[in-house]
Amino acid sequence: MAQVSSALLAHTTNLELVIRHVLAGLGQGVHAGRERGSGVEFSEYRAYAPGDEWRRVDWKLLARADRYYVREAERDSHVAVWLLLDASASMAEPSRSVPGLDKLAYARTLLACIGAIAQRQGDAFGLAVLANGRVQLVPAARGPRQLQRVLAKLQSVQAAGALPDADVLRSGLRFTQSPSLIFAATDFLDWPSPLSEALIRLRHMRHDVRAACLQTEAECTGGFDAGPAYRDPERDAAVFRFGADLRAGYLRNREQHFDTVTAHLRAHDVPLVHVQIEQAPGEVLRNWLRQGGRR
Amino acid sequence: MNSLWWFALPVLLLPILWHRKKRVQAQAEPLASARFLPRTEPRQMRVWRWSDMLLLLLRCLLLACAIAWLADPVFPWRGDTVVVAGGTDAQWTEREIKAAGLGEADRLPLKASEALAWIGAHEREFKPEARLLVLGDIPMPATLPQFRRPVLLRTLATPAPRVDAHVAIFSTRAPQWRRLFAALGGPLRVVVDERPNPKTELIVWDLPDAPPATLRAPLWWTTDTAAFTELAQSKALGTMRYADGPRGRVWASTAWPPRDAAAARALLDTWRELHYGPLPYTAPSQAFAATHAAARSQASGALREFLMWALAALFAIERILTHARRR
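Protein sequences appear in the order of chains Z and E. Numbering follows my numbering, in which position 225 of the first sequence is assigned residue number 225; successive positions increment by one, without gaps. Count along the second sequence from 1, then add 1000; that gives the number in my numbering.
Honestly, the hints are just simulated from the structure, not real lab data. The beta carbon of each residue, even a glycine, is placed where N, CA and C say it ideally should be. Incorrect hints may appear among the rest.
[Stated by the list, open to error] Derived contacts from chain E toward chain Z, CB cut-off under 10 Å, selection only:
(1) Ala-1028
(2) Glu-1029
(3) Ala-1034
(4) Arg-1035
(5) Phe-1036
(6) Leu-1037
(7) Pro-1038
(8) Arg-1039
(9) Glu-1041
(10) Pro-1042
(11) Pro-1280
(12) Thr-1282
(13) Ser-1285
(14) Gln-1286
[To be verified] Derived Cβ-Cβ restraints for the label pairs, each shown as a range:
(15) E:Ala-1324 with Z:Ala-238: 36 to 46 Å
(16) E:Pro-1030 with Z:His-268: 50 to 60 Å
(17) E:Pro-1030 with Z:Thr-12: 20 to 30 Å
(18) Z:Gly-51 with E:Pro-1030: 33 to 43 Å
(19) E:Pro-1030 with Z:Ser-171: 22 to 32 Å
(20) E:Arg-1020 with Z:Thr-262: 51 to 61 Å
(21) E:Arg-1020 with Z:Glu-283: 34 to 44 Å
(22) E:Leu-1056 with Z:Gln-279: 25 to 35 Å
(23) E:Pro-1030 with Z:His-204: 11 to 21 Å
(24) E:Arg-1020 with Z:Glu-197: 50 to 60 Å
(25) Z:Ala-267 with E:Pro-1030: 50 to 60 Å
(26) Z:Glu-197 with E:Asp-1052: 53 to 63 Å
The task is simple: from the sequences and hints, build the whole structure.
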C-alpha cells in the first residue's frame, strides 16, 4: 500500500478518508490490550450505528429480525486514550514547501488516526483542544459515535490565540480516574510553558504521555524567504527579519531550545518524536506508536 | 529666450511627488519560529499610491499652463501672405500680386512705417514654406532687415501729403521774407498769416523792439538779439544763436534775411529737418534672402491671452476643489 504523502493531506478535509488511507498499512494497535480483538465475552446486542464494522454485525439476528444488530463485547480495554491538540496560533505555521499544508492539519490527521485506532481496539478515547487560552474537552467514551464526535471537533478546530495558562490547564485536564495514554501534538515553541508543566505533571501521575513535536522543513533548515518581514503570531507586534546572514544564528538558537525541550522531557520520561510535517503521516504515526513500546 | 522656460517642465514632478503616499509599513507575515530570529526595526517602504487624481491633474495642468505662458509658444499658422502698406494704389497692388503669383495669399494691411518691423516680430507665426510679399511705400530702414525667410519687397513711392506751416512776419522787410518762404520746395508749404494765431508755428520778428509778452510760438526767428533777453546766455552756432525762452525757442542772426540762395536753402533745410522731420525715403524694391539670424527674443504673444484665461480658470477650480476636499 502506497504511503499517504503529506501533500495529499492538503488536498482533502475529509478526515475519515485520510484515516482510512493512513491506517491501511498500519495494522497494529496502540498498546497491548489485555483482551484481543473486539472483545471475546458477549455482553449485549446494540442497534447498528453508521461506522460500526460490518464483521461485528450479527447476521443470524439480521435474518431473524430483519434488523442490524451489533454484538457488544464485555469491556474491551481498561485504557483511556487522550488526544491533546495544541491549536494555538503558532500551529497555523504553513509548510513552506507543500502548499496548503500546515502544522494544525498535520496534527489533526495524526490525532484522528490515533483516535480511529483506539476506537477499533475498543478503547475509550477523548480529545482536549488547547486554543485561545481555553481547554475544549470531548470526554472519553467508546464506539463509532465517539469517533464521529472527535473527528467533528478536530475538523472544526481553528488555530488561534495562545495556550491556556497553568490554572486553566490544571482544571481542564482532569482525567485522573483511570490510567490513560496521552498523545500530545504541539510545536513546543514555548518552553517552559503551562503545557510542558501539565505534561510532566500528568507523567508524574503515572499516565503514559507521548509527545510529538511538529516542525516544518523550513524551520529545521532555516529555509525561509528573506524577502518579507515576519512577526510572531503569539507575541507582541515586533518585526523580525530573516536572511542568509542570520541562518546560522537562527539554527543555533533553535537547536539550543529544542535540546532543552528534549533533555527536559527525557528527564521526566516522556518520549518525544520530532516530526516534520512534510513526512508521510503513516511513517510518523508508526514511529510515534512504536516509541512507547520501546520504553 | 522665452523658450528656455520649457526647461522648467520638470516642476510638474513636484505635485506628483506630493500626491503619492510616502511611506507604508511593509506587511509582516506570521512565522511561528520568529522568536529564534533577531528583532529588527519595522521596515518601511515607499509605495506609489495615488490620491486625489483629479486634483493632481489640475495642479499639473496649472503648472504646465504657467510655464507655457512664460515660454510664450508660437504656432506657425500663417501661410502665403501679402503685406500691403496703407494708402497703396489698389491697381498697382493687384498687378504686383499677380506678377508674384500670390493671388490666393492672405492680405494683411499694415502701416507702411511698421510693416518690416511687424514681419520681424511675427516671423515665427509663418509656416516654413510660406512666401511673403511686401507692397507699398515702405520707407527705407536704417539697417538692412534680416529675416529667417525670403521676403520680397516691391515699393511704389507715393507723393508725400502736403503740410502747411503757418508763419507770421513782423518785419519792415516783409517782401524779402516772403520771397524766402516762397522758395521752399517739397511737401512743406508756408502759409503767411497776417497776425499770429494758435496755429502759428513760426514768428519772424525783424523789429528792433521787444515782442509783446503774451505772444507765443514754438519758434521765433529774430535779427535783433537785444529784443530777447534769453539770448544773452545763448549758444552760438556759426552766425546763428539759439535759446529757449518763455515765448518759445528763439533763433537769432544778424545776417537775416539771407542774402544768397545757399544761405536761404541752409536756413530752410535746417528749419524743416529740426521741426518737421526728414522727408521719408522710399526703399528700393528688393528681395531679402533668408539669413540665419536668431529669432527675435520678443515673441508674438499670440497665445498669451488664452493661456492667461486658462490659468485663471484652473487656479479657481483648483482652489475650490482643495477647499471642498478639506470639508
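Hint-by-hint comparison with the structure:
1. The beta carbon of Ala-1028 (chain E) is positioned within 10 Å of a beta carbon in chain Z (closest approach about 4 Å), and the interface hint is therefore held.
2. The interface hint given for Glu-1029 (chain E) holds, since its Cβ lies 5 Å from the closest Cβ of chain Z, which is under the 10 Å cut-off.
3. Hint status for Ala-1034 (chain E) relative to chain Z: holds, with the closest Cβ pair at about 4 Å, below 10 Å.
4. Interface restraint check for Arg-1035 (chain E): the shortest CB-CB distance to chain Z comes to about 6 Å, inside 10 Å, so the restraint holds.
5. Annotation: interface hint on Phe-1036 (chain E) holds; nearest CB of chain Z at approximately 4 Å, less than 10 Å.
6. Because the closest C-beta pair between Leu-1037 (chain E) and chain Z is about 4 Å apart, less than 10 Å, the hint holds.
7. A cut of 10 Å between beta carbons decides the hint on Pro-1038 (chain E): the least distance to chain Z is about 6 Å, and the hint holds.
8. With a least beta-carbon distance of about 5 Å to chain Z, the hint placing Arg-1039 (chain E) at the interface is held under the 10 Å criterion.
9. Using the Cβ-Cβ criterion of 10 Å, the hint placing Glu-1041 (chain E) at the interface with chain Z is satisfied: the shortest such distance is roughly 7 Å.
10. Evaluation of the Pro-1042 (chain E) hint against chain Z yields a held restraint, the C-beta minimum of about 5 Å falling below 10 Å.
11. The beta carbon of Pro-1280 (chain E) is not positioned within 10 Å of any beta carbon in chain Z (closest approach about 84 Å), and the interface hint is therefore violated.
12. Annotation: Thr-1282 (chain E) was flagged as interfacial toward chain Z, and the flag is violated, the nearest CB pair being 84 Å apart, outside 10 Å.
13. Annotation: interface hint on Ser-1285 (chain E) violated; nearest CB of chain Z at approximately 81 Å, more than 10 Å.
14. Residue-level restraint check for Gln-1286 (chain E) is violated (minimum Cβ-Cβ distance to chain Z is 77 Å; threshold 10 Å).
15. Checked against the hint of 36 to 46 Å, the pair Ala-1324 (chain E) and Ala-238 (chain Z) passes, with Cβ atoms roughly 42 Å apart.
16. Taken as a hint, the range 50 to 60 Å is violated for the pair Pro-1030 (chain E) and His-268 (chain Z), whose Cβ atoms sit roughly 31 Å apart.
17. Separated by about 24 Å at the C-beta atoms, Pro-1030 (chain E) and Thr-12 (chain Z) satisfy the suggested range of 20 to 30 Å.
18. In this structure, Gly-51 (chain Z) and Pro-1030 (chain E) meet the distance hint of 33 to 43 Å, their C-beta atoms being roughly 37 Å apart.
19. At roughly 30 Å, the beta-carbon separation of Pro-1030 (chain E) and Ser-171 (chain Z) lies within the given 22 to 32 Å, and the hint holds.
20. Roughly 52 Å separates the CB atoms of Arg-1020 (chain E) and Thr-262 (chain Z), a value that falls within the hinted 51 to 61 Å.
21. For the pair Arg-1020 (chain E) and Glu-283 (chain Z), the supplied restraint of 34 to 44 Å is violated, since their beta-carbon distance comes to about 54 Å.
22. Roughly 55 Å separates the CB atoms of Leu-1056 (chain E) and Gln-279 (chain Z), a value that falls outside the hinted 25 to 35 Å.
23. At about 35 Å, the beta-carbon gap between Pro-1030 (chain E) and His-204 (chain Z) misses the expected band of 11 to 21 Å.
24. Between Arg-1020 (chain E) and Glu-197 (chain Z), the C-beta spacing of about 53 Å keeps the proposed range 50 to 60 Å intact.
25. At about 32 Å, the CB distance of Ala-267 (chain Z) to Pro-1030 (chain E) disagrees with the hint of 50 to 60 Å.
26. Roughly 57 Å separates the CB atoms of Glu-197 (chain Z) and Asp-1052 (chain E), a value that falls within the hinted 53 to 63 Å.
When the structure is compared with the earlier hints, violations turn up for hints 11, 12, 13, 14, 16, 21, 22, 23 and 25 and for no others.
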